[in-house]
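Please model the entire structure based on the sequences and the hints provided.
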Amino acid sequence: MTTQDRVERKKRNEMLTNLRKQHPERVKISQAKLKEQRSIRKTLQQVLKTKPHTIPQLAEATGLPAHQVLWYISIMKKYGKVVETGLDEDYEYYLYGLTRETE
Amino acid sequence: MPEQSDKSNPPEKELGLAPDPSPEEEPRIGVYVCNCGGNIGDVVNCKQVAEALRNIPNVVTSHSNMFMCSDPGQKLITDDIKEKGINRVVIGACSIFLHEQTFRQAVERAGLNPYLYYHVGLREQDSWVHYNHPEDATEKAIRLMLAGVAKARKMEPLEPVRLQAEKHALVIGGGVAGLRTALDIARSGLKVTLVEKSHFLGGRVAQWERVFPTGETARTLLQRLLEQVQAEPDITIHTGAKVVKTKGYVGNFQIHIRQQPRGIKADFDAVDQAIAACPVEIPDEFNYGLKTRKAIYQPYSGCYPAGPVVDWEHCTHCEKCLEFSHNHDINLDDTPIEFDINVGAVAVATGFRPYEPFPGEMGYGKFPEVITLPQLERLLAADGPTGGKLEWNGRSVRSLAMIHCVGSRQVDDVHQPQPDGQVNNYCSRVCCTATLNAANIIHERLPETRIYDVYTDIRTYGRGHEDYYTLASKNGVTFLRYFVEDIPEVYPAEKGSYYSMLVKVKDQLTWGEEIELPVDLVVLAVGMMPNPVDDLIGLFNITPGNDRFLLEVHPKLSPVETSVVGIVLAGTAQGPMNIQESCTAAAAAASKVVVLLGRGQVEMEPYVAQIDIERCQGNGDCVRVCPQEDAIKLETFSKNGTSFQRAVVTPANCNGCGVCVSTCSHRAIDVLGWRLDDYEAMVDAITAEIPVLEGVPA
Amino acid sequence: MKSDKIHVDTLVVGGGIAGMQASLDLANQGHQVALVEHSPSIGGMMIGLSKVFPTLDCCSCITTPKMAATAHHENIQLLTYCEVQSVTRNDDGFSVQVIQKPRYVIEDNCTGCRSCELVCPLDLPDVENEFGRTAHRVIYVPFTTAVPQKAIIDIDSCIFCGKCIKACPADCIDFTQTPQTLRVEARTIILATGFKVTPYDAKKEYGAGNLRNVIDAMMMERLLAPTGPYGRVLRPSDGKLPDSIAYVQCAGSRDETLGVPYCSRVCCMYAIKQAMLISGALPMADVTIYYMDIRTFGKGYEQFYQNAKAMGIEFVKGKVGRIVEDEDQNPIVRVELIDDNSRVAENKHDLVVLSVGMLPGYDTQPIYDVATAKDGFVQIPDSNVAPTVTTQEGIFATGTATGPMDIVDSIITAGAVAAEASAYMHLHSGSPAAPAAD
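Which chain is which? The protein sequence lines are H, Z and F, in order.
For the first sequence, my numbering gives the first residue as 1, with consecutive numbering after it.
For the second sequence, my numbering gives the first residue as 1001, with consecutive numbering after it.
For the third sequence, my numbering gives the first residue as 2001, with consecutive numbering after it.
Quick caveat, the hints were computed from the structure, so don't treat them as lab data.
There could be a bad hint or two in this list.
Unchecked claim - What follows is a list of derived Cβ distance ranges for each label pair:
#1 H/Pro24 - F/Thr2178: 19 to 25 Å
#2 Z/Glu1605 - F/Lys2005: 51 to 57 Å
#3 F/Leu2282 - Z/Glu1135: 30 to 36 Å
#4 F/Leu2282 - Z/Asp1413: 29 to 35 Å
#5 H/Glu89 - Z/Glu1026: 37 to 43 Å
#6 Z/Lys1245 - F/Asp2092: 27 to 33 Å
#7 F/Asp2255 - Z/Lys1366: 56 to 62 Å
#8 Z/Lys1245 - F/Pro2381: 40 to 46 Å
#9 Z/Val1484 - F/Cys2113: 56 to 62 Å
#10 F/Lys2005 - Z/Val1129: 24 to 30 Å
#11 Z/Glu1124 - F/Leu2118: 43 to 49 Å
#12 F/Leu2056 - Z/Glu1391: 47 to 53 Å
#13 Z/Lys1245 - F/Glu2256: 55 to 61 Å
Cβ atoms here follow ideal geometry from the backbone N, Cα and C, with glycine treated the same way.
Now the structure itself:
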């Protein structure tokens, strides 16, 4: 890293710190949200590591409401963390598994 | 004639020659496979297709994408052209009818000649027809794309044929749609000629009483429009006129018009006497046969153009009217005149006619008490046969039934088909609100009159239309609902009954109970059918749809354009519409005409025949088979003192059909952009072994 | 870079299908157009739809090329993420003040590569495009086919972690951006301000939005779209493939209690279309449509309806009085069956779709002084003959700003408004527009 890079980085970090200071309430709320999302995503990933699950199975395994699980799974699918692996026995629910990259 | 028009419209580019041969450049082909939002991708494995094309000679890059036509999809192509030096583009997607222009523009934007792109139809020609066989469909897609690549290797840059365009449009039809179109074109600075086959402007609207949703009389509305049209100096009106011959193409149509004379001078001052003297009496079509008229007539006072005309078909030349004619005010020997005009575009605003029930259909034609809704409108009109009084047999109508969907929403095996074997399976859009509007007018004038409304679905869909339904309910109109399998029956009551007619309805609102309605009058809310325009269909090569109305190219992409560039549709020639919808469609049609002609120049596809003068033997087979006028002819050349004949093409008149190509035994003709060599290369590619690819996920 | 003063012939307000088409028609006639859109992308409501009736073309295949054509047209200036603040009349027409909202991304440099979006740590419900059924990040490109393809930051949710700054290859992130004022001088204005749907939670009887498996038709469009939140039709409560789906027609139209007495024109057709698409996507599913009148009045629409009946979609004439749910969140529809002696039935479905109607998207009174009628849509005094002329001279209206209508009709009124505006400008200056933007 060149000196110039280091100066740039320092300047950037100062700016970001300032921005956070300017909007403490908003940032606090968002940080709390982020923490929650990270923990739920981690929980879901741990369950999915074992084998593909349906939304109700994930809900039961994690204790989260099914609609919330669906929300997380749709996002993880959108950003390439999760894929559909097939249907359950009754052809009622899709099974979701981790992508290779996520495993 | 063609020579003349060629001189007056000199083509910008020297025609008949091949474009400058491009410097021999190695084809660098970009291949793009579109999922079409699942239309293709749900059947064809687009990724696999793109993979299979990747290692083909000359293919530099190969992608699949969800929507190639979207901006990011187009950017993929333009970036490849700029960054990877792609000089040929092959896109497997929907149909060229949807997006050829889209992709041409994208390719051109990136600096490539737009004709160096080839479009493979993977939707209509593959995924939609083989939806049950995804694997085979994928293989077919690969083969079609390979053929596209083979074609792309041989593509050459082309230039569209640019021709001067007449800044002058023809509008056919003088009803509200035609008037509106003419007005809007003229107001944007182009000249307009309007031809109307009858002797008067105003069309069907002139026959109506009060219109929804504004509540004004149809006459007031029409008057307003007519005044604006008359005030527009760039509009020329010919009434009693018909298009009888046409020639040419967008920008340069030559239109031959025949105009019937009026037979009577506009300032003739003994109109009433002359009409009274005429002994001929025929049903008056303006009043839908509810009264008669003479062979000298005007539809209504205040019509435009003002003054009566001679009905040449029915005039017996008895000359009784001439007694009142001074200074040759009436000329019974008047003859039609014929003339030509040159226009750049044509708006077809030929309108509709009301459905005519078959004799006996719900008692129509059998019992005088059964009339149609347009006839009812005449009875309600102040200048109608009864002066606006709703009377039957000399007394006010005490009870009437209005039956919806007569001649609309018909089904096979229930309804009698038209002569072409088809029933009218479409909804006519306007009849529901028009019927309720009439019911409300009747209630207003005769509050004691009992009104039954017999419907299948009430379709008061438009802005303000629902109010007419609500008001009718408030006015005490009784609604009954029938199913199409139980068409209401109309028959006379027993002699001496208080009401002369009975209507039997199996009413679904009372759970299928059979109800007999005693009435004085039965009104059939008849639907719309297009005015017969077979002559224009033939003259302009435009197409009607299954419903017989003229067909647009695509309801969303080209909603008022026909498949013939330069011919647009305005109003009910295209389908049932109310006045507002007709005026809207007419204005939209005007907009397209202004876009087309505003610049005074039109572009045509460069796909025209080209002669290889070295191979041509001048035997003239091509000239004999050419279906176009003046597209190909033999000219005399001389070399070393001997003269001989060779074929020469006039590109502006050639439509690139290729009939000449197939006739030429010396292989001396090709259609630019579609050479025989191209086809051979494509056929070879389509039948070749295809690369096997496994394990590419969908 | 946009200049802060723009001279055009016509300012078009609203970048939905009507606004885009009006812009294209005018631009193709040689007029200079500025198109203002309040969202970060043009495309309007239409770009969110799945397939469109009666052709069943994929909706993106109709919309996205129009979006591209609008964006690339040499006579059209796009002003996305902008809002009109005030309009004053002057000798030549109008002087319009427009606020450009900050994206916090330098628009001219952003290539839409999404590197920023992929590293951003926080998910936000995508309310704008997906009714919250999935999410986007705090920095995001609005949707895959957005025009322009430019990222935008939801600044209120940003934690200023700086990951996007590091990830951006084009150095586009700019937290210092503030709203900018632009001035547009235009000879005419076209209002293409569109519609919004009647709120699906307005009716207490239908669960007031509290029943997870009662959704509205716009949400269903997203479930049916290939780019939608799940990529397929799943019910929102638990991701189940629905076996039995019901449509409740006129849920928000022809309903005096909601103050919407009029018919919204499109709901019959979109319900039938969706039912057909569901039959394609879920061949085993039963689809029932509860209706009062089926109004398939457009060209080819009646035949579309008859095809749907032939496909086995069930049309039941009935009044839906109430929707509740059982313990598994299955909606129970209480319906008076008109064709069955008005018997009241309670039918269980997996998913219920409310066929919501159309409300005006924008009140044109305050800023444009353009009168609205009692239904809230732009008032058209001479609606039969001049269907796009408003109460203000030089200001015209098109599409659903003038009342409920479908896409076909919106496109046609857009052509009509272009003719009207062009004629007006011709009449009031005699010469076509001078191409100028300083």
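Which numbered hints are broken by the structure, listed smallest first?
Numbers 2, 3, 5, 6, 7, 10 and 11 - these are the hints that the structure violates, sorted from lowest upward.
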